[in-house]
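Colleague: Use these hints to put chain U onto chain S, whose structure you have.
Protein chains in written order, with this note's numbering: chain S, 1 to 430; chain U, 1 to 430.
Where hints are given, some of them may not hold.
For chains that are exact copies, the list does not tell them apart, and a pair is met inside one copy or across any two.
[Claimed, not checked] Derived lysine-lysine pairs resembling DSSO-like cross-links, with alpha carbons at most 30 Å apart:
hint, residue 1, residue 2
1, K46, K86
2, K120, K41
3, K31, K120
4, K221, K120
5, K397, K91
6, K31, K10
7, K71, K397
These are computed hints drawn from the structure, not numbers from a lab. On a predicted model such as this, the values are computed, not experimentally measured, just so you know.
Letter by letter, the chains look like this.
Number of protein chains: 2
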Amino acid sequence: MKKIKYPASKDWPKLLRRPSQPVEEIEQTVKEIFSEVRTKKDVALKKYTNLFDGVELETLQVSKSVLKSAKTGIDPSLAAAIHTAKENIIKFHEVQRSGALSVETMPGVNCWQIKRPIQKVGLYIPGGSAPLFSTVLMLAVPAMLAGCEEIVLCTPPGSGGQVDPAILYTADLCGIEKVYTIGGIQAIAALTFGTETIPAVYKIFGPGNQFVTAAKQYATKFGLAIDMPAGPSELLVFADDSARPDFIAADLLSQAEHGPDSQVILVSTSEEMLDEVAREVDLQMAVLPRKEIATKAIENSKLILVENSEIALQLINDYGPEHFIVNSRDEGFFIDNIQNAGSVFVGPYSPESAGDYASGTNHTLPTNGYARQYSGVTLDSFLKSISFQQISCDGLKSLGPVVEIMAEAEGLQAHRNAVSIRLKQIAKNE
Amino acid sequence: MKKIKYPASKDWPKLLRRPSQPVEEIEQTVKEIFSEVRTKKDVALKKYTNLFDGVELETLQVSKSVLKSAKTGIDPSLAAAIHTAKENIIKFHEVQRSGALSVETMPGVNCWQIKRPIQKVGLYIPGGSAPLFSTVLMLAVPAMLAGCEEIVLCTPPGSGGQVDPAILYTADLCGIEKVYTIGGIQAIAALTFGTETIPAVYKIFGPGNQFVTAAKQYATKFGLAIDMPAGPSELLVFADDSARPDFIAADLLSQAEHGPDSQVILVSTSEEMLDEVAREVDLQMAVLPRKEIATKAIENSKLILVENSEIALQLINDYGPEHFIVNSRDEGFFIDNIQNAGSVFVGPYSPESAGDYASGTNHTLPTNGYARQYSGVTLDSFLKSISFQQISCDGLKSLGPVVEIMAEAEGLQAHRNAVSIRLKQIAKNE
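Pulled out of the complex, with its shape left as it was, chain S reads as follows (with noise of 0.2 Å):
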C-alpha cells in the first residue's frame, strides 16, 4: 500500500484521481447491438447471449414454476437471511415515502405535489463470478414499495442456461414475476426498445461491467432515465488512533475483492494507524480466497497522512467516495460536515457488509465522485413528483395582475392574455 504523507490540498486531485473509463471505446459495439436488437427483437438476444454467454436459449423468461421452486435450491438458513435483509430494506425505503406536500402560496392559490411511481422499469442483476441476489433486494424491493406496475428482471444465464436460484428466489421474494435470462448490452437493448417477449420500460437500475454501463449510458439517447452513471467500487476510511487496525484492514480487503480495479484509501491523523493497518491487510489477504483480485487492489490503493480532522474532512468531499467509514472520537464531526458520500458507516461496528447486505440502506451508490450531484437509489428513485395547481377566482384576482406584468415584460402576450380574458370575466361575474 502507497503511503502519501501530508499531501498539500494541490495536489489532492491527481492523488484522489480515479481511472478513466473506456467508455468511448467501447460504443461502436453497443450501438451494433442496440441496431439489430431494435429490428430482430428476439432473434437478436438469442444470437448475442449464443455468442457471448456460450448459452442457446430456447425461452428467454424464466417460467413460473422455475420460479417457484428456486427456494428449494438453496439452503434455508440463506432463505432466512435473505427474508431478514428484506425486511430491513422495506424498512428504511418505507420511512422514505412522502405524502402529498401542499401549500396555499397566496389566499385562492393551491399548489401541492405528488409522488407517482415510474409505471414500467428495468432492473439488470449482472451475472460473472457472483450470484448477486443482494441487488435483486436493492432494487426490488423500492420499485414495489413505490408502486412500480411493471417491473422487469434481466440476468446473464449461467453456463448452463439457468439463472442462480438464489436470484430467481429473491426475485420471487419481491414479488417479480417477469425475469429473463438475457444479459450485457442485449439485455439493456431489449429494455430499451422491447421484443416479443420483454417489454420496453422508462428506466433502467442497476449495476454492471463496461459494456453494461455504456449500454445504460446509450439508453439514454432514446429516452429512457438510468439510476446513475457507474464505475468501479470504492470505499474511504478514516480513521484516528482510536480505531481497531483490524477492522479498518478487513474493511479495506471487503472493498479489494470486488474487483482489481476497486478503490481502496484510508485517510488517518496517526501515522502508527497507518502502518498497523497495512500490516493487517497483509494478514487478511494472506488468507483470502479472492487473494488475487484483492492484491491488485490494495496495490492501487493509497493511505494518507494528514494533520487533522478538518483536513480530512476536507480531503474527503472533494473526493466524494461512494461509501465512507468513519472511526474516530471526532464521528460527530464528520455527520454533520460531510457533504459529499454515497453511503456513511460510523462507528467500529458498521462494516460495509452490513450496508452492502441487511442493515437495511442501499447498496446501489455513486461512484467516481458522483456522490458529488447524485443521490444512491432510494425510494424516490422510483417515482416523480408531479405539481398541481387550483387557482380560485379570488385567487386570480390577486395572482393575475402579478403574471401580467412578468408576461408583458417577457414579451409574451399570449400568455398575458390566458390571464387577462378570465379576469375580465370575473369581473363581469361581480
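Modeller: For chain U alone, kept in the frame of chain S given last:
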C-alpha cells in the same frame, strides 16, 4: 387545427409523436467548442461570443455595481411582481424540505438519511427574443433554499453586450453574485471545465435551444449532472362540455407563442367544444404580436375527440405532457389518476401562465414524454441524499450472522470477514 375523432389506441403512438430532436447532428460542433474552451478557456469564450453573439466582451463577469444598479433599469411594478412571484416560489419549494429520516431497522441498527446541497451549480438562462427573468427565479430560488455554496449564472449578452436589467435584478434579488455574459455551447463548456474566470460546477440547470441542449448532454460525459433532457414546450388540455372555449383557446395560444415547434393538444369528450375552441383560437390569434410563431404551432396542433374520461386519461398518460390543464366535471378523477405529467392545472381559473410565472410551482418541467420518468425541477434537484448507519455491538450480534450467510453465498469471503472479526471481538469482550 387538425381534428381527429375517436382514434384507436393502436394509433396513439403515431398521433402523439413528437418531432425528433436533431441532437446528433450538432454534436460535432459541440465537441469542437468544448475542446477549445477546455484548453484555451477565457480566450475561447470571447472568441465564440464574438462569433455567435456578435459582441466583443472585455470582461465576462457582470460587476457587482452593475448587478446592484439593475433595479433602476426596470419598472417598479415589474420589480414588485417579481418580488411577489419569488415569495410564492419560496413557499412552494420550502414545503418540499424534508428533515433527516431515521429508523432503527433492528435493535441497535440505526439507519438514517440526510440531504445535503450540491455544492456547485450552474444556471443557464437563455437569451433570444425574451429576457427570461422568470427562469432565474425558478432555478435560483430552490438553489438558494437548498443551500448550494456556489451558484454560477450564465446568460448570453444582448447585441450591445449587456444583459437585460430584469435578469440582473432577479439574480441580485435571489442573492446570486456570479453572473457571466456567456451563452450557448461555450457557456456550458465553461461550466463543465471551468476557465480563469468561470468556476466549474457539478450540475447544470436551465433551458436552451438545441445547441445548449446538446451541450448539456455532452457535459454529462465529463461527469456533470444536468437537470433533465430538454425539448420543445408542450401543453395538453382536457376539456369536457363544462369548459369555457375562450379560456381554453387562450391557454392553447399561450403555449403556441413559445415557438413554431411548440406542442399543443386539446382532448375532449365533446366535439362541439373542439369546434368552438378552434373558432376561438382563430379569433384570439389574429391580434397576437407573436401571431406568426403561434400560427405555425397551431397548424401542427391537434384536437382529439375521445369517448369518455377513462380513454382520455389513458391517452394523456401515454403522452406524458409537460403541462396538463384539466377543465372538467371529472377533475377529481384526473387528479387521482394522472400518472405522467410535469405540472397539472386544475379548473377554469388556473391558466398555465400562473405556473409559468408566479403561483409558486416550478416551470422547469420534463418535455418530450420525459414526464414518464423525470420530475420537474424541485428543491431535491439541488440536493442529494446520503445514507448513514451506526450499529451497536448488540445490533451487530443480531445483524452480523445474516450478513455472513449472504456474503458467503455471494462468494465474497472478505465481506464476511469484516463482520466475523468484529463478532469474535464482541464474544471476547463478553
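Colleague: Is it within a copy, between copies, both, or neither that the alpha carbon of K221 lies no farther than 30 Å from that of K120?
Modeller: Answer is both; intra-copy 18 Å and inter-copy 26 Å each pass.
Colleague: Checking K31 and K120: alpha-carbon separation at most 30 Å within a copy, between copies, both or neither?
Modeller: within (23 Å within a copy, 34 Å between copies)
Colleague: First find the shortest C-alpha distance between K31 and K10 inside one copy, then the shortest across copies, and answer within, between, both or neither for a cut-off of 30 Å.
Modeller: between (40 Å within a copy, 29 Å between copies)
Colleague: Which holds for K71 with K397 at a C-alpha limit of 30 Å: within a copy, between copies, both or neither?
Modeller: Intra 64 Å, inter 26 Å, cutoff 30 Å: inter-copy only.
Colleague: With identical chains, the pair K397 and K91 could be close in the same copy or across copies; at 30 Å between alpha carbons, which is it: within, between, both, or neither?
Modeller: Answer is between: at 19 Å across copies they meet the 30 Å cutoff, but 46 Å inside does not.
Colleague: Evaluate K46 and K86 at a C-alpha cut-off of 30 Å and name the case that applies: within, between, both or neither.
Modeller: Answer is neither; intra-copy 33 Å and inter-copy 56 Å both fail.
Colleague: My question is about K120 and K41: at a cut-off of 30 Å on alpha-carbon distance, are they close within one copy, between copies, both, or neither?
Modeller: Result: close within a single copy only, 19 Å intra versus 43 Å inter.
Going down the numbered hints, you'll see the structure goes against just number 1.
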